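S.K.: All chains should be built: construct the whole structure from the sequences, respecting the hints.
For the protein sequence lines, the chains are S and U, in the order given.
Counting from 33, one number per residue, gives the positions in the first sequence under this note's numbering.
Counting from 418, one number per residue, gives the positions in the second sequence under this note's numbering.
No wet-lab data here; the hints were simulated from the structure.
Being a predicted model, the structure only gives us computed values, none of them experimental.
A hint or two may mislead.
Unchecked claim - Computed spacing ranges between beta-carbons, pair by pair: (1) U:R500 - S:V192: 28 to 34 Å; (2) S:E267 - U:T422: 23 to 29 Å; (3) U:T540 - S:S91: 47 to 53 Å; (4) U:K432 - S:R222: 55 to 61 Å; (5) U:K480 - S:V474: 33 to 39 Å; (6) U:S554 - S:G87: 14 to 20 Å; (7) S:N434 - U:T422: 47 to 53 Å; (8) S:G105 - U:R500: 25 to 31 Å; (9) U:A588 - S:S264: 35 to 41 Å; (10) S:A55 - U:D419: 38 to 44 Å; (11) S:G460 - U:M418: 46 to 52 Å; (12) S:K431 - U:S554: 53 to 59 Å.
Yeah, the Cβ is synthetic: ideal placement off N, Cα and C, and Gly gets one too.
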Amino acid sequence: MMDERCSEYRDRIPALVSGDLPADEREQIEGHLSQCAVCHAYLDALEEDDRLLEGFVESFEENMRDLEHRIVGAVRDAAGPGKVSVTVTGADPARNRRFRILAAAASVVFLLLAWQLFNRPPLVPIAWAEVITQVVEAHNYVCRVWSDTNLPGDNEQESVRYLSKEFGFRNDIYADDRLVLTEYILPSERAFIGVVPDDEAWMRIWLRDSEIEEVLRGSSAQEMVADFRSASYRELGQKRIDGIMASGIEVQDPDFIKSFFEGGWMRLWVDVETNWPVIMEGKWTADGGRLQIRFEFTDFQWNVDLPPEMFEPDIRRNYELALELDIPVVDEQHAIEGLRVFADIMRGHYPKRPVIMTALNQYFDERRIRSRSQRQSLREIEQLNRVRSMFEFYGDLLKEGNDVAYHGARVMRRDFDKVLLRWQLPDGNYRVYYGDLRQETVSPERLAELERRF
Amino acid sequence: MDERTDSQLVAACRKGDREAYESLVRRHSRYIYAICLGILGSPTDSEDMTQEVFVKGFTRLGKLREDGQFLAWIAQIARNQCRDFVKVHSRRRTLLEQQIPIDADESADFHELHTALARLPETYRLPLMLYYFDGQSSESVARALNISQAGACTRLSRARRELRKLLEKEADR
Chain S
33 MMDERCSEYR
43 DRIPALVSGD
53 LPADEREQIE
63 GHLSQCAVCH
73 AYLDALEEDD
83 RLLEGFVESF
93 EENMRDLEHR
103 IVGAVRDAAG
113 PGKVSVTVTG
123 ADPARNRRFR
133 ILAAAASVVF
143 LLLAWQLFNR
153 PPLVPIAWAE
163 VITQVVEAHN
173 YVCRVWSDTN
183 LPGDNEQESV
193 RYLSKEFGFR
203 NDIYADDRLV
213 LTEYILPSER
223 AFIGVVPDDE
233 AWMRIWLRDS
243 EIEEVLRGSS
253 AQEMVADFRS
263 ASYRELGQKR
273 IDGIMASGIE
283 VQDPDFIKSF
293 FEGGWMRLWV
303 DVETNWPVIM
313 EGKWTADGGR
323 LQIRFEFTDF
333 QWNVDLPPEM
343 FEPDIRRNYE
353 LALELDIPVV
363 DEQHAIEGLR
373 VFADIMRGHY
383 PKRPVIMTAL
393 NQYFDERRIR
403 SRSQRQSLRE
413 IEQLNRVRSM
423 FEFYGDLLKE
433 GNDVAYHGAR
443 VMRRDFDKVL
453 LRWQLPDGNY
463 RVYYGDLRQE
473 TVSPERLAEL
483 ERRF
Chain U
418 MDERTDSQLV
428 AACRKGDREA
438 YESLVRRHSR
448 YIYAICLGIL
458 GSPTDSEDMT
468 QEVFVKGFTR
478 LGKLREDGQF
488 LAWIAQIARN
498 QCRDFVKVHS
508 RRRTLLEQQI
518 PIDADESADF
528 HELHTALARL
538 PETYRLPLML
548 YYFDGQSSES
558 VARALNISQA
568 GACTRLSRAR
578 RELRKLLEKE
588 ADR
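M.R.: In structure tokens, the structure reads:
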């Protein structure tokens, strides 16, 4: 039976569990507990909570070991070769809205295509396969995407994506709750179009026929979901998200990002009742961890009514066509031309790694220490588009298993006698490009001799 | 197990010994994780945040004034980073608070505890996480929260009491 002293004792019973009470108080409370079944039950419950919390913490042991490995790896990345500290002086062009938005628009196409550089991993016989099949077979969807980067300035963005297998792709990007850019990928026009209402401007990138389908596929959450078919995923268990019980899986450093980012993870949380995705979230890093992008896809709606008008670009009569580009051709000649263009922009430096976002981050750093006019920025975006050919070419070489190596972190344009890029030819010899982009075919023995120069 | 003190490890890091920093990571990652989990409430976000904190610590080690103060300094970075994260994500906070992870194999045991912990205010969750992740010592809670040991005991007692209330509510559902 509870009496008036019980509430007073109850306040002190938790301290009894922790062993924090002085001896006299402990004896007093223990005396009460021996006579009060209600307070004793309260003590039992607290002791049970204590055991539960201990078990809860123990359940993290394995995760803690993984976490230590992850942290050590991330620290090694941060300390990796080529790490430079950049002093920001003068105007920061990355804060220039037009520059940033158009740069983002240009880079999004890189992203979409990079997604396609690698063959898909094999299917694995798991229940997740059903989830993936359901999503991949959906004929359209709408979702919200949030992203943020650690670049200088406020880079947090939210967007609403629409994808219709019939009409194309549209992405409305908002910053500070204002529409700043709408992207379209239109199969009927074979083009990627970006519209910037604030600047009354738009841009167009012409896509080759063969790439339309790839770009559309690459832009879809469906394709990202399909990438979870990788056998190297791990189960995350379940959690409640916005009232929905969801089950999750995670992939670390998946192959399909390797030409675009250096590493990262992506997690997919699926409603356990409907098998539809609830959240897809991830974090990619590039440039030795100096560039980080976090993203979340949420609020999915599948198989909704998306009329064709939604995919007609809203280009007003007074809008200026600020930029028009062709998707670069991917071959050896264009790849080397891409390296040449990059070294021109970057005062003799090459991309540190054959990774698109690493190269873009180097470029952003360079822009932060140089102040140029907007018009030049547009020209440079056009040039960067040509650089892209290099990454795709390198990706193709990797895919074909040509014993390829790239030394951009250590070789500059002035290094005429050092190997920048090399790969093996079918006859066993090696095609070599030196720092000055001079080309030579050499034997394996000669290559070994050349690479000893590092 | 690296026998060197924090102060010796930091001094070694300053001379370019990266492995010394890795020893600091192994020694203190649980403690930093406990702070992150105590503030953020989400194990997944806390893992990411712990990683970010140590990377940030590594890149800013030059700003640490006293080598012996590494733990207090990195814990301050963790608190600041977590609070920034909560501020930046405040719009999505409701969603975050509802993310209650459950280990695939242990869902039955911990489901109610997860729910209650996620609902517990940070002021109580943080001392609880510090206590259980860091050797069950009210002294370490006091040090981390910069309060007296008696104050830490009081905070822990209140945290247990509030947690119990939430667990009872969960059981009634």
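S.K.: Are the hints correct? Go through all of them and say.
M.R.: Hint check results:
A hinted range of 28 to 34 Å for the beta carbons of R500 (chain U) and V192 (chain S) is consistent with their spacing of about 29 Å. Distance hint for E267 (chain S) and T422 (chain U): a CB-CB separation of about 40 Å, inconsistent with the stated range 23 to 29 Å. Checked against the hint of 47 to 53 Å, the pair T540 (chain U) and S91 (chain S) fails, with Cβ atoms roughly 24 Å apart. In this structure the hint that K432 (chain U) and R222 (chain S) lie 55 to 61 Å apart at CB holds, the actual value being about 58 Å.
Separated by about 48 Å at the C-beta atoms, K480 (chain U) and V474 (chain S) break the suggested range of 33 to 39 Å. In this structure, S554 (chain U) and G87 (chain S) meet the distance hint of 14 to 20 Å, their C-beta atoms being roughly 19 Å apart. At roughly 50 Å, the beta carbons of N434 (chain S) and T422 (chain U) sit within the given window of 47 to 53 Å. Look at G105 (chain S) against R500 (chain U): about 26 Å separates their beta carbons, and that is inside 25 to 31 Å.
For the pair A588 (chain U) and S264 (chain S), the supplied restraint of 35 to 41 Å holds, since their beta-carbon distance comes to about 39 Å. Evaluation of the 38 to 44 Å hint for A55 (chain S) and D419 (chain U) yields a pass: the beta carbon distance comes to about 40 Å. Separated by about 49 Å at the C-beta atoms, G460 (chain S) and M418 (chain U) satisfy the suggested range of 46 to 52 Å. At about 54 Å, the CB distance of K431 (chain S) to S554 (chain U) agrees with the hint of 53 to 59 Å.
Hints 2, 3, 5, counting from the list given before, are not met by this structure.
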